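All chains, full assembly: derive it from the sequences and hints.
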Amino acid sequence: ETGVTQTPRHLVMGMTNKKSLKCEQHLGHNAMYWYKQSAKKPLELMFVYNFKEQTENNSVPSRFSPECPNSSHLFLHLHTLQPEDSALYLCASSQENVFATNEKLFFGSGTQLSVL
Amino acid sequence: GDSVTQMEGPVTLSEEAFLTINCTYTATGYPSLFWYVQYPGEGLQLLLKATKADDKGSNKGFEATYRKETTSFHLEKGSVQVSDSAVYFCAPGGSNYKLTFGKGTLLTVNP
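Sequence order for the protein chains is Z and W. For the record, in the first sequence the residue sitting at position 32 is 32 according to my numbering, with numbers rising by one throughout. For the record, in the second sequence the residue sitting at position 79 is 1079 according to my numbering, with numbers rising by one throughout.
Don't take every hint at face value.
Pairs of lysine-lysine residues, derived as DSS-like cross-links and limited to a Cα-Cα distance of at most 27 Å, are as follows [what the hints assert, rightly or not]: (1) W:1103 / W:1052; (2) Z:22 / Z:41; (3) Z:19 / Z:41; (4) W:1103 / W:1056; (5) Z:18 / Z:52; (6) Z:22 / W:1103; (7) Z:40 / W:1103; (8) W:1068 / W:1052; (9) Z:41 / W:1103.
Computed footprint of chain W on chain Z, listed as stretches where at least three residues anywhere in the stretch have a Cβ under 8 Å from a Cβ of chain W [said to hold, decoys possible]: (10) 22-31; (11) 39-53.
In silico negatives: residues of chain Z with every beta carbon more than 10 Å from chain W [what the hints assert, rightly or not]: (12) 2; (13) 64; (14) 116.
Keep in mind the hints are simulated off the structure, nothing from the lab. The model shown is predicted, which means the values in this text are computed figures rather than measured ones. The beta carbon of each residue, even a glycine, is placed where N, CA and C say it ideally should be.
Take a look at the structure:
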């Protein structure tokens, strides 16, 4: 148990659906991240939040909409997704922004998303 | 930009075999270097790291040495176990460098 919890573990949705992924961390960290993990591709950073403020948007399509209401919670709202968006979506957290320090990331177990 | 090249998998070994997973990187300056591991059904977790040249990171019997001259950070273990079966990711980053993960190398250890 890493202290980062993601729900749901699995999600199947149609291209016209709207769904949300949830991430919660109980570590007292100030930075949270969304990554996309697709088969045969490197892990892709999507968004970074530091003290609830978005500090990184890695050219992610607008059909992915993140929300960070507080330092412990991070959401990824999904709408009108495409089949190629099917992947494992991983949430991570760190004490501070890991891109400015040598700290490690703590990952959740991910949400396996299938878009039909 | 920064990039990392990992040994293509999958790698299949018998228990107690020697493991090497190669990793080379390109980056301006001297990033910290990390190995993360992803066990089946889980997220990634830090395995080991090294923050400067010639540092050796080690954990759970795994080792990797920061080689500045060859820009490499190869992962080694002298005797693998079935429980080491996982996907291993090399990642340069830290201290103003974005973490750049490799594609991952799937290791399967058979009894």
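Right, here's what the structure says about each hint:
1. Annotation: proposed proximity of residue 1103 of chain W to residue 1052 of chain W holds, straight-line Cα distance about 23 Å (limit 27 Å).
2. For a cut-off of 27 Å, the pair hint linking residue 22 of chain Z to residue 41 of chain Z stands: about 23 Å separates their Cα positions.
3. A hinted pair counts as satisfied when its Cα atoms are at most 27 Å apart, and residue 19 of chain Z with residue 41 of chain Z qualifies at roughly 24 Å.
4. Pair hint residue 1103 of chain W plus residue 1056 of chain W holds up; C-alpha atoms about 23 Å apart against a cutoff of 27 Å.
5. Distance check on the hinted pair: residue 18 of chain Z and residue 52 of chain Z sit about 23 Å apart at the alpha-carbon level, within 27 Å; holds.
6. The straight-line distance between the Cα atoms of residue 22 of chain Z and residue 1103 of chain W is roughly 25 Å, inside the 27 Å bound, and the hint therefore holds.
7. For the given pair, residue 40 of chain Z sits about 7 Å from residue 1103 of chain W by alpha-carbon distance, which is consistent with the 27 Å threshold.
8. Among the hinted pairs, residue 1068 of chain W with residue 1052 of chain W is consistent with the structure: their alpha-carbon atoms are about 8 Å apart, no more than 27 Å.
9. Taking the CA atoms of residue 41 of chain Z and residue 1103 of chain W, the gap is near 5 Å; set against the 27 Å cutoff, the hint holds.
10. For the region 22-31 of chain Z, the stated coverage by chain W is violated: 0 residues have a C-beta nearer than 8 Å to a C-beta of that chain, whereas at least 3 were required.
11. Three residues within the 8 Å Cβ limit are the bar, and the region 39-53 of chain Z against chain W gives 5, so the coverage statement holds.
12. Distance to chain W contradicts residue 2 of chain Z as a non-interface residue, since its nearest Cβ pair spans about 6 Å, not more than 10 Å.
13. No beta-carbon of chain W comes within 10 Å of the beta-carbon of residue 64 of chain Z; the shortest separation is about 19 Å.
14. Every Cβ of chain W is farther than 10 Å from the Cβ of residue 116 of chain Z; the closest lies at roughly 22 Å, confirming the non-interface assignment.
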